[in-house]
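Q: Let the hints inform the model, and build the full structure from the sequences given.
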Amino acid sequence: MKLQQLHESPSFFKVLMMGFNHQLRIPPDFSRELERVLVASTRTTLRVSSGATWDVKVEKMGDGNYKFTEGWGEFARDVGLQLGEFMAFWLVGESLFDVAIFATLRKNFREAAGLLGKRSVDLVYLPKNHKQHVVIDHRRPGNRLDLAAGWATFQKANGLVIGKAYSFEFKPGKNVIQVQKLKTVK
Numbered sequence: 001m002k003l004q005q006l007h008e009s010p011s012f013f014k015v016l017m018m019g020f021n022h023q024l025r026i027p028p029d030f031s032r033e034l035e036r037v038l039v040a041s042t043r044t045t046l047r048v049s050s051g052a053t054w055d056v057k058v059e060k061m062g063d064g065n066y067k068f069t070e071g072w073g074e075f076a077r078d079v080g081l082q083l084g085e086f087m088a089f090w091l092v093g094e095s096l097f098d099v100a101i102f103a104t105l106r107k108n109f110r111e112a113a114g115l116l117g118k119r120s121v122d123l124v125y126l127p128k129n130h131k132q133h134v135v136i137d138h139r140r141p142g143n144r145l146d147l148a149a150g151w152a153t154f155q156k157a158n159g160l161v162i163g164k165a166y167s168f169e170f171k172p173g174k175n176v177i178q179v180q181k182l183k184t185v186k
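Following full-length UniProt numbering, the numbering of the sequence shown begins with 1 at its first residue and continues without gaps.
Note that these hints are calculated values from the structure, not bench results. Some hints here could point you the wrong way.
As the list claims (entries may be wrong) - Derived pair list, reagent style BS3-like, types lysine-lysine, alpha-carbon separation capped at 30 Å:
id	residue 1	residue 2
1	181	164
2	14	57
3	181	131
4	14	67
5	156	118
6	128	156
7	118	60
8	156	14
9	118	14
10	164	118
11	60	174
12	174	118
13	174	128
14	67	174
15	171	14
16	60	14
17	67	156
18	67	118
19	181	156
20	164	67
21	156	174
22	14	128
23	164	57
24	164	60
A: Structure below.
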């Protein structure tokens, strides 16, 4: 499928977190998109750039959202998915997803952005330009970096919610992370 066609297809992305190797929850906004094309429990095909495909069950959960279950573990193992990797999914047919897998970003992003030595940063929500000073918490194990004190205030003031997608772009010269909502489903 051509890149332009992918951009016009309903899509979502996920960063792989603990437990991804057995099932993968589909974001709530995209679950609503699936309501229009799927029955309560059905199968779908995942296709990677090489053309290889995997048959995966899509199950509706009690909260009305969906997840990939049976067959997902085989897909995860076969393509060598790892914790922290970023994945994008495009619904290109009634039961076909094109899938792109991107390398893990955790450590490389922190180092490239110069955040390893930072104790705090200013978050700016676009387009409102609401600014909030936030403490950076460098956690171990796994060399995790969390937004700590100030994050909840920023999240509430700007209406950031679980299930929506946001971009975080670090501006090193200004010690600012610009945050903006992404459109995930067309």
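Q: Could you tell me which of the hints above the structure violates, numbers in ascending order?
A: 7, 11, 14 and 18
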